[in-house]
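K.L.:
Chain order of the listed sequences is F and W. When the letters of the first sequence are read in order and numbered with the numbering used here, they come out as residues 148 to 411. When the letters of the second sequence are read in order and numbered with the numbering used here, they come out as residues 213 to 560.
Take every hint as true, because none was put in to throw you off.
Residues from chain W that keep clear of chain F, each with C-beta distances beyond 12 Å, as calculated:
1) Trp270
2) Leu329
3) Ala333
4) Arg338
5) Ser371
6) Glu384
7) Gln387
8) Ala440
9) Asp457
10) Val471
11) Arg477
12) Ser483
13) Ser512
14) Leu524
15) Val548
16) Lys553
Which bits of chain F does chain W cover? Going by a derived footprint, with three or more residues having C-beta under 8 Å, they are:
17) 301 to 314
18) 325 to 333
Just so you know, the hints here were simulated from the structure itself, not pulled from any lab data. Bear in mind that the values here come from a model prediction, so they are computed numbers and not experimental data. Glycine residues also receive a C-beta, built at the ideal position from the N, C-alpha and C atoms.
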Amino acid sequence: MDKKWFITNSMTFTFILLGLVIFLFIIVPLLKIIVTSDPQILLETALDGEVMRSIGLTLYAALITTVIGFFLGVPLAYLLARIDFRGKNLVEGLVDVPIVVPHIAAGIALLFVFGRSFAAGKAFHFIGIDFLDSMAGIVVAMLFVSVPFLINSAKEGFKKVDVRLEKVARSLGASPWQAFFKVSFPLAWRSIVSGSMMMWARGISEFAAVIILAYHPMIASTLIYERFESYGLAYAQPVAALLILICLISFILFRLMLYRGQRT
Amino acid sequence: MIQIKNLCVDLGDFLLRDINLNVEAGEYFVILGPTAAGKTVLLESLAGLYPLKSGEIWLRGNEVTRLSPERRGISIVYQDHVLFPHLSVAGNITFGLKLHRHPDQELTEVLNWLSHLLGIAHLLDRRPDTLSGGERQKVALARALSVKPEVLLLDEPLSALDPETREGVQRELRQLHNQLKITTIHVTHDFEEAVALGDRIAVLGDGCIHQTGTPDEIFRRPNSEFVARFAMTKNIFTGEVVVKDGRNAVFHTEDVELVVVTDLRGKWHASIRPEDILISYEPLHSSARNSFCGTITNISNKGAILYLTVTLPPDFICLVTRHSFEEMGLSEGKKVYITFKASAIHVF
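With these hints in hand, go ahead and build the complete structure from the sequences.
P.N.:
What follows is the structure, given as structure tokens:
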């Protein structure tokens, strides 16, 4: 498409203006919080043991969440992409529910299952896992709100894989497992990875559902919230800036990796 | 070799029902049917890739109806070839062998054998998306043959190719089959393709098999209106192409000699479309090389057009418009001349 011709079009021009507004709305607060932070204070914050622990905990918990989501979500995504059954729309709709419910309510709902006085909570307590004020609680809260991103992305990835590729593989002697691992899975891999990235990112950014189950140990968002409440904006800002920086850098790196993978 | 008994397959909006076929070992069997007649699904159900509603499939005397596809020894080549896009050509061809951890030496042998057989040795490192249609076709064939299947299923193998490539591939398929003698089931909607390749043909339509027989039986004695629609409107002859007077190619049948334009020599088929034949009462002085005198033995009225059978012998089906038909006052029993160009004859 000829760019010059395209821009002289009045509709395109209007859309560019409108697009610019929303783009600036997204980018300005993010840049401002980083730019207005004193590098000295930012460095001190980064070396603050409590901050480091909480950011480390956040990234780590989100990673574990993503791994669990991967093993439980990819099979469901594959089934939803491949098999038609009655009530499939309902299942697909329900999988999306965690995205649309208020996350504070999601946290309360989780408490009703994983709290010590409820069945699942009791069962896990029996094998030594407690969800209140623990790493397990953080993971459960993150998993609930973030796994739909992985499931949906993987599902779209599997849908794009021609079923007949699996059929050819089967006719050449592949078992259903081999057809999955040698054909469908590698071909849907990019979608699964980008879904996992989204899931990980969504896990890192979760706050409301997490604090209902586990205020302690403090994830980064909880720490920012506590510093804001107790000491004010000046103390919350550097932690917030640091978290945003880390997320931005990881995302840029991920995107680059994915882009490279696409080119080769 | 393959027996299909009372096969019934649910296709959603219609059924394939009472399909009974018996394909002999080493036979090239063609299933001919219009587009969307369920031909692909029929092949998939033979390979165990589509669930049956009822019926039985027997392979070499063993029932395989409920056997999983990887144990049947039936390979399939789809119309658009569906190569594995994440693997190289070599990776595609050796896919089936690698599943069963064959030794590297065997992989190399099979790869060598197939790449030379199909003339794709220079493509082995390429990615499928960089190949032409004809090349993809060959890779898909090589992939299907790599596991030494008992039966090869071909789903419209020629229709995704451009016309020039198609004739070449059609000849290669025939040669390949003569060489390997592998039992082949080929589905197509193209009558000429079916005649050129098939040892026998089954005509599929409206969910059932209408007729099974040799190409000759199908186009000489169609048993129903449906089969006739495929066959009757065509003039297809079996014969031999020879060179006469050192330059002209001539197609010999038992009864007639046609001047043709082709590089082929030997036993082939020739066809001419009914609308390419001119009808006159007197011999025409024209550039057309083929002119014969015959008798109108049948008139089939299709409204605005009519099909005339002109018997020399053999029978030629000719198309005339109602306007010419009435103007010329044609009727059964009249002697007419039929004239057509050498280039209007398709040799295949």
